[in-house]
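Trainee: Residue numbers (this note's numbering), protein chains in the order written: chain A, 658 to 1099; chain B, 658 to 1099; chain C, 658 to 1099; chain D, 658 to 1099.
Warning: the hint list may mix true and false statements.
Because identical chains cannot be distinguished in the list, a pair is counted as satisfied if it fits within a single copy or across any two copies.
[Claimed, not checked] Listed next, the in silico DSS-like pairs over lysine-lysine satisfying Cα-Cα at most 27 Å (straight line):
1. LYS904 x LYS679
2. LYS1095 x LYS679
3. LYS1011 x LYS1095
4. LYS1011 x LYS679
5. LYS1023 x LYS679
Please keep in mind that the hints were generated in silico from the structure rather than gathered at the bench.
In this text the structure is predicted, and so the values were computed from the model without any measurement.
There are 4 protein chains.
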Amino acid sequence: MSSLYTKRAVTSFSNLLKSRFKIFSDPVHGFISVPRGLILDLIQTPEVQRLRRIRQLGIGYLVFPGAEHSRFGHALGAMALMHDSLLALTEKGTEISREEHTSALAAALLHDIGHGPFSHTLESNLISGFRHEAMSRILLAELNESFGGRLETALQIFDGDYPRRFLNQLVSSQLDMDRLDYLRRDSYYTGVVEGRVGVERIIKTLRVHPDTGGSEDRIVVEARGVHAVENFLIARRLMYWQVYLHKTVIAGDHLLRGIIRRVRMHLRNSDSALPEGASPAFLFFLENDITTDDLDVADVRNNYCALDDTDLIYSIKCWRKSADPILADLCRRFLDRDFFRVSYLDSQASDALKSIWTDRVRAYLKNAGLSTDETLEPDASYYLVFDQSDHSAYEHVENSIDVLQRDGSLIELSEAVRVSAIAGVSGRETRPYICYPKELGD
Amino acid sequence: MSSLYTKRAVTSFSNLLKSRFKIFSDPVHGFISVPRGLILDLIQTPEVQRLRRIRQLGIGYLVFPGAEHSRFGHALGAMALMHDSLLALTEKGTEISREEHTSALAAALLHDIGHGPFSHTLESNLISGFRHEAMSRILLAELNESFGGRLETALQIFDGDYPRRFLNQLVSSQLDMDRLDYLRRDSYYTGVVEGRVGVERIIKTLRVHPDTGGSEDRIVVEARGVHAVENFLIARRLMYWQVYLHKTVIAGDHLLRGIIRRVRMHLRNSDSALPEGASPAFLFFLENDITTDDLDVADVRNNYCALDDTDLIYSIKCWRKSADPILADLCRRFLDRDFFRVSYLDSQASDALKSIWTDRVRAYLKNAGLSTDETLEPDASYYLVFDQSDHSAYEHVENSIDVLQRDGSLIELSEAVRVSAIAGVSGRETRPYICYPKELGD
Amino acid sequence: MSSLYTKRAVTSFSNLLKSRFKIFSDPVHGFISVPRGLILDLIQTPEVQRLRRIRQLGIGYLVFPGAEHSRFGHALGAMALMHDSLLALTEKGTEISREEHTSALAAALLHDIGHGPFSHTLESNLISGFRHEAMSRILLAELNESFGGRLETALQIFDGDYPRRFLNQLVSSQLDMDRLDYLRRDSYYTGVVEGRVGVERIIKTLRVHPDTGGSEDRIVVEARGVHAVENFLIARRLMYWQVYLHKTVIAGDHLLRGIIRRVRMHLRNSDSALPEGASPAFLFFLENDITTDDLDVADVRNNYCALDDTDLIYSIKCWRKSADPILADLCRRFLDRDFFRVSYLDSQASDALKSIWTDRVRAYLKNAGLSTDETLEPDASYYLVFDQSDHSAYEHVENSIDVLQRDGSLIELSEAVRVSAIAGVSGRETRPYICYPKELGD
Amino acid sequence: MSSLYTKRAVTSFSNLLKSRFKIFSDPVHGFISVPRGLILDLIQTPEVQRLRRIRQLGIGYLVFPGAEHSRFGHALGAMALMHDSLLALTEKGTEISREEHTSALAAALLHDIGHGPFSHTLESNLISGFRHEAMSRILLAELNESFGGRLETALQIFDGDYPRRFLNQLVSSQLDMDRLDYLRRDSYYTGVVEGRVGVERIIKTLRVHPDTGGSEDRIVVEARGVHAVENFLIARRLMYWQVYLHKTVIAGDHLLRGIIRRVRMHLRNSDSALPEGASPAFLFFLENDITTDDLDVADVRNNYCALDDTDLIYSIKCWRKSADPILADLCRRFLDRDFFRVSYLDSQASDALKSIWTDRVRAYLKNAGLSTDETLEPDASYYLVFDQSDHSAYEHVENSIDVLQRDGSLIELSEAVRVSAIAGVSGRETRPYICYPKELGD
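Model the full structure from these sequences, guided by the hints.
Mentor: Below you can see the structure in the form of structure tokens.
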């Protein structure tokens, strides 16, 4: 990565010794040059440094041993790709001011700042109705204040309010820097080479198209980039089914959700099953019914920012010693990676199937001494889940990608290739499954 | 790569100093251990060494500057992957004898031995009705003779006659070592990262399925390998449109075919337009009307084996000095990579369109002093082509891949995923195009 | 990776469905096949799973953002390379029994099991005189007991007592699986490509040499592997200065050690400066003067095994809120990566220099309101360190690598090349430095 | 790669459709953007296109099967790295005019344009006293003329006459774009991963230092780049011994030189041993005693430019059928890669050793029916060579690399690290060897 916007005049050689950039060694994109000033100052904030303590793939590292990377690297990476994209667009004649350039970098860097620990698993479990984008927005506004309004344009870009629409699109669209970075990055750390996206090729074929009818310009892909974008969509789908929705990841999700539900039960009962020592910030969210309307409350914000992977793992280590055999077992299973099994079903589970499995799980709980509950009904719910995974590879309507033809006309990507590989993946895929203790056999 | 079949007893330390393997450094698969004996002896034959002088992608190196690799590396690579596959199958309980192992290696090594120079362009232009597989078969049989029958089993595997069908499939099927290697290898040398196939993952999920009904066993893919195979099919399609059928590659094809057609015309006319010095082996095929029935004739075989990229390039360098301005121009264009332009058409060209372009090309030839022919009709045919590219990503019927489910049942790959990415690419894609001198503008 | 030791007989097809291996996707070595049975069972133990919560490079992830990988991946990797090495040696005629094979795998897997959190920084700070190898030995012995003695041979190999010395060497020597894996792995995650070691090449050139004079055989490198080993030594040195002893890593080390020293002071004083909530396991080691003689005590062992990165980070987050401004500042600096600066000195610091800097630091502490201590003497010690880094690339005497010449004779590596690159790096390098708050300028 | 020098004003959208860059897909550096205009026009010249037909490593592809890459890719790569370096220097405040930028790109692109086929083997064998730089200079001057003087500055840079010395250094010095590219590239194609140089890191640490005493500025390396440069020197040494001076490469060199010497003998004798059909351009150099003084002669220049790998291989294929058994044997050995063996000697061969081997080779020639010469003396010289390889890793004096310290002072690299790895490799290494037919045993 390299900056286009460098002052040419150099007053004295001593200045030369001070680099205008701090360089980060990133195994995915190589060296990332971060301009000193606003961008580097943002990186030094506690809000951004906190991302170092939140794993990008949540439970994923328990399935792909190499995927222990944090959201910090992703934030840097998205910023680096934003820089590359702006440079590529400039090469093709799009004027981008220095202010726009810095703001777009800031927006890319901070786009995920509102993520919490294991957020794909926990998002709506900790705060009802929560989506991390809302918290990102709040933290971005706060940073803007503490940086004296210098993030005003970045905020507009984040909100989708900036007049030059293409900058918004680079931050949030079907083909944004977020997706380009996380697919490439997660492929690198999981070792799933098939998910490797040709990021460089895609960026080289982006253009800004001045929407002739209206006032807005937007990102389009040149015709020669069609196959690279197709491949991006396919790779994304593959990463979903192979990594993000991997059956063992789902099994881990259910364990973690079970732990939280069980702890909440004990907190409600005010019983003595929870050992001392769990993280206060974590307990704050388990004891109170926080909803998405409370995000602005100082206490909520502060406890949220205090929370990271450390708090969760540390608390689960405490609860492993719980007197409640079920909570202790769920925590042990999580920490020692003794996960449930997830098996796909051909169709949604029938009541008969559910009933058979409920009986099996009840028997298991009794034999294993995990439950003394007569009915066993509620306890069984921690050990047996019927649910489904789903994923959409591509949405035609909301967020389409247009392809720029040689003659200057635009067509939607799915029409850009006659017999399209995209057609096959544009619908929604749904896979029902059952999740149960491995001990019950197949 | 490593061999399973090593003698354990070591008689003396001096023997230790002699390695039982010769190691090749392959940038694609790392080190390739070639067992001394039959396999290494085969590699040393002129027939296999000749592959060093035949580029894997023919004209491709003129479009992808890194793709200058020869068929020799591919032959080694296919052999290496065969070894890895046999090892993986053995790990899963399939017994493979030492004889079968060596024969399968030989078959993989020699499967492309009948390829000639620029064969994807020239195959049927040099020998009418020719397919390289036929020549591979002939050379394999000859080698079998000179190696005292030690390639008998390899021949059976090549012919598809070996009882254990899975060995045949590893040599020739939808998912054979040939495809696995060439996709991975061509991706490496072209720099088209999107074409990178997860070869290791695929090989790890292969199994031999003992066909319960009949006597034959065959290769199946375990359920967990489905996404890797899907990705393989998508990557293959991508490589076709992005590399093998790249518009500039097609433009080069037409140049080369034009040169050959023009030389044949002069040979027929016995005129003086052809400078001395072109390769006799090349001329042999241009002067005589060799058909696929003549492959067994000693002269044909010998001239074929004498022919490599060197002969073609060298001859084209000679003809560049031809008194025939058209031949000289075609040769210059080829050598200096001043190719025609290929543009896709929305549909098959109408007669009207053809007529307009024919007039434009005639005018071009006249102005450029390339043709003095009154009618210009035949000359124009070298500078204007209407044709189409087509490619099938996957054929359901003939050569299906079966997936082994957890319950032991088999289903066809295209059914193994509910909403399939494959569905979109299984049909035949056709793209009509026009090919013409760049000088004529868009 | 692939196993040599597979049963060939398959009784029924249903067996076929159960894989004899569990496959881990490792981004560094590709797929790692772990044999079911002892090895997989070991991986499932809490002792090994705990390594998932201990970062391989300790503080390194705060300098190289990608280096967030844990010791778990390294343990798997060392085991995978052991398998590859045994296979390579078998190919060259060395007989290795199934028992030896499994035991060597176990020894490689467990060789680092005694590591604690941030152990390169903390090793002797938590337990005086501690070395992780001693704890590895204890845990290995415990596992042996709980696995009914099946780790007896592994223990012998670990201890260097197994008669076939080459197995010991693969676990612990100048060129062991530990080093081969961690260099390759740390290079992958830091993005320091220059540290990339040609592991495959080195393994391919190992041999077992039957020491003619004595009873022991040992690992030697074939002559053709000399350059690869040279490169390994150079890469190792580079990784030391560029990564492990990176100036910012050292700055982080001093912060962490300062925190621990400060907390100990408060614990000794029994004052109220420490907020509640820090990890009991961590406090156990801070409150008690544990020495290396206590490792066998159950309490020590249990608290040690309960300790991981989570405990340290979580505790530091607690202490960040300490009433002691110095402790709070050190913790903040650690968490927000506001490290001290480390500058190399041309020679050991003179008393005059030390005195000047001590005055500067005292003034800084006073102005920043960090210290109210009259003398400031002890407080300054947290903010000013004079020390040195040192590293030995290669030790001739203790642990030499021998090279096997074509004639069967052995010579020491440093003699194997006439003008040696090794000569230049074999000595001990020492670099004195000063560590101080950045706020004090250059 | 990306251009800094782009016009910002865009007059109309139709212009947008025409890219100002042509993009090459390079597997080594990714996408290379070539600015349309002078640079792209230069690439289209026959002089540059000719480099596509000259392998970068000459005989190397017969030892490393993947190393079939041509000098064309290297020319592009050196140009790409030049662009990256200029951008990095600009970021650090060095002003570079558009004219200088384009000229430096041209100089990097054309720096090797004078190379001939197998030039490391043949350079002085075809033209006595020849060095390719002299021919590069002549062709560069010719291109300058045909491009109307637009290469004037490039010529100055090539000649080392341009006032801003750092531009010369980027083209030709210890750390120039040529070396950075060829090491990285040859490592990629040979698969010798140890030779992989951290090109990106080195470029990021380059600076222009304004020589305070004089008028010239020059390239220096920042202190933090020291280890990367050390590693570059080590990697270069490794590549020399492992690749460029590989024993089998040397064996191939001797074969090729033997063929040329033998053909010259027959041409001198005007006998009938040479079959018709060899390349006239090649014969031109074999028949005439061309010296380095003749380079300006049109005939010499034209024949030189007509010559590429094709001519040599094609001619050797002709001579394989020679009636002279020795020439036929040498050609067969070359084409079928049946090379001689090269063994290192502990010291220069004694006369006694030479005499023993001469007898053995004479006997071999007689028995094999290769020679009927009574004395056998001259014939034996084709089959037995005593010579030596040598290589200097680093020259302190002539072409030193300076390191820029934090305080602004410069020190020579070899002093920049106290105990230097460089010290060990700075001297000249010499390895005497013997080269003889494998059939003679060890």
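Trainee: All hints are to be evaluated individually against the structure, with a verdict given for each.
Mentor: Okay, the hints, checked on the actual structure:
| no. | hint | in the structure |
| --- | --- | --- |
| 1 | LYS904 x LYS679 | between (41 Å within a copy, 15 Å between copies) |
| 2 | LYS1095 x LYS679 | between (50 Å within a copy, 15 Å between copies) |
| 3 | LYS1011 x LYS1095 | within (17 Å within a copy, 63 Å between copies) |
| 4 | LYS1011 x LYS679 | neither (58 Å within a copy, 30 Å between copies) |
| 5 | LYS1023 x LYS679 | neither (60 Å within a copy, 30 Å between copies) |
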